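*Asks:* Here's the letter readout for the chains.
There are 2 protein chains.
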Amino acid sequence: MNVKEYMERVGRQARKASRVLARADTRSKNAALQAMADAIERDSDALIAANMEDLNAARKAGLAEALIDRLTLTGKTVRGMADGLRQIAALPDPVGEMDGFSYRPSGIQLGKMRVPLGVVGIIYEARPNVTADAAGLCLKSGNATILRGGSEAFHSNQAIARCVQEGLRAAGLPAEAVQVVETTDRAAVGELITLTEHVDVVVPRGGKGLIERISREARVPVIKHLDGNCHVYIDDTANPDKAFDIALNAKTHRYGTCNTMETLLVHAAFAEFILPRLAEAYWEKGVELRGCERTRAILGDRVVPATEDDWATEYLAPILAIRVVKDLDEAIEHINQFGSHHTDAIVSEDYGRTRRFLREVDSASVMVNASTRFADGFEYGLGAEIGISTDKIHARGPVGLEGLTSQKWIVLGDGQIRS
Amino acid sequence: MNVKEYMERVGRQARKASRVLARADTRSKNAALQAMADAIERDSDALIAANMEDLNAARKAGLAEALIDRLTLTGKTVRGMADGLRQIAALPDPVGEMDGFSYRPSGIQLGKMRVPLGVVGIIYEARPNVTADAAGLCLKSGNATILRGGSEAFHSNQAIARCVQEGLRAAGLPAEAVQVVETTDRAAVGELITLTEHVDVVVPRGGKGLIERISREARVPVIKHLDGNCHVYIDDTANPDKAFDIALNAKTHRYGTCNTMETLLVHAAFAEFILPRLAEAYWEKGVELRGCERTRAILGDRVVPATEDDWATEYLAPILAIRVVKDLDEAIEHINQFGSHHTDAIVSEDYGRTRRFLREVDSASVMVNASTRFADGFEYGLGAEIGISTDKIHARGPVGLEGLTSQKWIVLGDGQIRS
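Top line first, the protein sequences correspond to chains A and B. The opening residue of the first sequence carries number 1 in the working numbering; numbering runs sequentially from there. The opening residue of the second sequence carries number 1001 in the working numbering; numbering runs sequentially from there.
These are computed hints drawn from the structure, not numbers from a lab. All values derive from a computational prediction rather than experimental measurement. Certain hints may be false.
EDC-like mimics (lysine to aspartate or glutamate), calculated; alpha carbons at most 16 Å apart, straight line [what the hints assert, rightly or not]:
1. Lys-1242(B) x Asp-414(A)
2. Lys-16(A) x Glu-1360(B)
3. Lys-76(A) x Asp-45(A)
4. Lys-326(A) x Asp-236(A)
5. Lys-1112(B) x Glu-402(A)
6. Lys-1016(B) x Glu-330(A)
7. Lys-16(A) x Glu-1125(B)
8. Lys-112(A) x Glu-1402(B)
9. Lys-112(A) x Asp-1376(B)
10. Lys-1112(B) x Asp-376(A)
11. Lys-4(A) x Asp-241(A)
12. Lys-16(A) x Glu-1333(B)
13. Lys-1016(B) x Glu-360(A)
14. Lys-112(A) x Glu-1360(B)
15. Lys-1016(B) x Asp-45(A)
16. Lys-1224(B) x Glu-1330(B)
17. Lys-16(A) x Asp-1329(B)
18. Lys-1112(B) x Asp-1099(B)
19. Lys-1112(B) x Glu-8(A)
20. Lys-1016(B) x Asp-329(A)
21. Lys-224(A) x Asp-376(A)
22. Lys-1224(B) x Glu-1125(B)
With these hints in hand, go ahead and build the complete structure from the sequences.
*Replies:* Set out below in C-alpha cells:
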C-alpha cells in the first residue's frame, strides 16, 4: 500500500462526505447515532473478540499494564460506548444555530450561523472507546472524520468502524463520513497532518511528546492539549471546610487525570491553620508532599523541599507541591507563570478577590469554590469530549460539539449595493 | 543588534505588559486610545515629515506607484488614523463579557468569560495607518501587540509608535503594550512567528506569497487571509433589477479589494434575459469578460473563452469570469470547489433556495440579495478590522475586537467536589 496515495484518497473521500454531512438534517444524524449504538451493542461479542486479538498481541509485546487496561474492552465498556452515542444523539444539534442578527446602517441584516469545520482528523492512542466517541461527536457536529488510533488497538478499531459505518448507511449517510485509517504505518500520521486541502483541523490525543511532535509537523490547524498543571489557591478568606474538601478532592479523587491539582497555594495568614489538617489527610492517602520553605517550617521535614521544577511539573501521580504565598497577587502570578493555563481554582468567600481571580488567571477553566476535577466534558454538559484544549485560539478547555464548529457571517439584503 | 535576543526581549516585555492590559479597566483603555488620537493629530506635521523620509527613500528605490500611494501620509490620512482610534474607543469593550451561565447537576454554575488572547503579532506591509489601527484594536481587546510593518514605512511607523506609547503612558498603561519592531532586519519576522512562549497569535497582512510563507514557517497560531475569489449567483427566481445592481456593484465598485466578485454564475433559464444587459454595462466600464461556452453563445465572441484557471483566479482587476449553471446545485458546487471560502452571494426571491444557499455555501460570509462588497469590518460594525480571515477555526471573515479574544470557562461553586 502506498500510504501517501491511500491517505490522499481517504482525505478526498472525507471532503466529499463532509459536504453531504454539512447539509444532513438533525433527524438523519441522530438516526445514524442510534443505529451505530444498536450495532455496537448487538456486536458486543464480536467487538470483544476483536479486542482479544489486540490484547494478546499487546501482552506478547509486553505492553505496560496501564496501557493494557485502557485497551481492554469489556461488556461494560462496550455498553458505555453505545450509551455515549445515544447521549450525543440527545444533545442539541449545533449546526445551523443562528444568532446576533441586527440591521446595519446600510440596510443589510447581519448575523452568524454555526457550521461544521468540515473534515476533522483525530490521532489517538490505543483506547478503542475513543473511536466511537470521536465518530459520534464529529458526526453530530456535521463533520467528516478521519480516525487514526493507536496501532495496538487496530482490530478493535476496525470492528468498531464496521458498526459505525453500518449506522451511517442505515441513516442514508455516506459511510466515508467516518473513516478509520486501515494501516498501522506511522507514515499515515505524517500524511494526515499535512493534508491541508482535505483536512480542516487535527486533534491529537495522547502523551505530551506525541502532541508536541504533531503540533510541530502539522500543516493543518491543531486543537491540542498539552499539560494539565492545575492549582488550587486557598485564600485567607476561605471557608475552612470548603478549602479542606476541595484541596483534598482536587488532588486525591484521581491522580492520573489532567484536571488533578498538582500545586496547592495557600495564603500565608491561613497556612498554619489549614496545612497541618490537610497534610495529615494527604499522608493518610499516601500522597508525597513537596513544599516551599514556609510549608516545611509548618509541616516539618517529612515534606520534601520543592524546587522550581516542581512548580512546573504535572506529576500525574500521588505527589503534591505546596507553596505558601503572601497574597492573592502572588498566587495569581505563580499560576500564570508556572501553570499550564488548564484549570485553576480559588477557595475564598471574598467577593473582590474571587472576582479578580476569575478575571486575571489566564486559564481555560477558572473556578471559585469548586474542585478542579469538574473540568471535563461530561461535567460541563458537553456530552463526550473530543479533548481538552490548552490552546487560546478557537476552543479553550473541554471541546465538545461547539468546538468542532465555527460560525460564518450571514447577510440578508433586499438588493443593497455599496455606494 | 542581535535580532534573536532583541525579539526575545520584545516578546518578554509584551508578555509582561499583556498581564497588565488583561486586567486594565475599560476607562483606562479608552483614555489611552483618546490620548493616542490626540497625540497623532497634534503631531500631524511631524508624522508627515517622517513619512517624507520614507517616501524619498521609496522613490529612490523605484517603488511602484501603488505602493507609494499606500505608504503616503497626508493631513487627511493622519486625521483618519486619529478618528479610527476614537471610533475604537467608542466600541463596547469585549473583555469580561460573560454569558451562558447555568447550573449543572453537580450544583456548579458554569458559563464563559471573554478574555484577551494575550500577545498578538501583526506583520504587515508598508501601510503606516495599519500601525494605528492594529495598535488600537489590540489595546481595546486587552492584548499586547508586537507590530512589524514593512521596512519602507520604518520612519513613519516609529513616529506613530511614539504617539501610541505616549497615549499608553498618559493612561497609566505600560508603553510595552504596543511595541513597534525597531529593526528592518527580515530575521525579525522569523523570530516573531516562532516565539511560542511569548506570542499567542500572529496576523500577517499582505500578499498571498508572504502569507503562505508565514503560515508555513510559523510555530505560533496564524489568523490568515489568503484569496478572495468571490461569487455572485443569479438564480432564475431573481428580481432582475436587484440582480443587475448587485452583479454590477460587486464587480465594478472597486477592482482591487478581496470582497470583489471574480466569477458571476447565472442560472441557465435566466442567462439569456440578464446577461446581455449586464455585459453591456460591464463593457461600458471596461471590464473584460471571460465566459463558458453557453455565455459565449449568448454574448458572442467578444467574450474570451474561460478555462478552469479562470474559475480559480482572484483577478483583482477589471476582468470577470461568467459561467452559466443549470441550477442551484451546480452553483453551490462550483462555489465550494473553485471559491476561496471568502464571500459569496445569491440573488433570488425563492425562500427555499436562499435558505439552501446560506447553509450549504461554505464561506466566511454568505449573502442573499446584497453585494459581496459589504464583507468588511466597517460595514459589519466591527470598527476597523485587523484582517479578513479565510481560516475556518477561531475567527472567520472580518476580524475585529471579538476575533482578538477567546472565551474561558468560569465555574462558580459553593464547595462542590467530585464524587
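*Asks:* Check each numbered hint against the structure and report the violated ones by number, ascending.
*Replies:* 7, 11, 15, 16, 19
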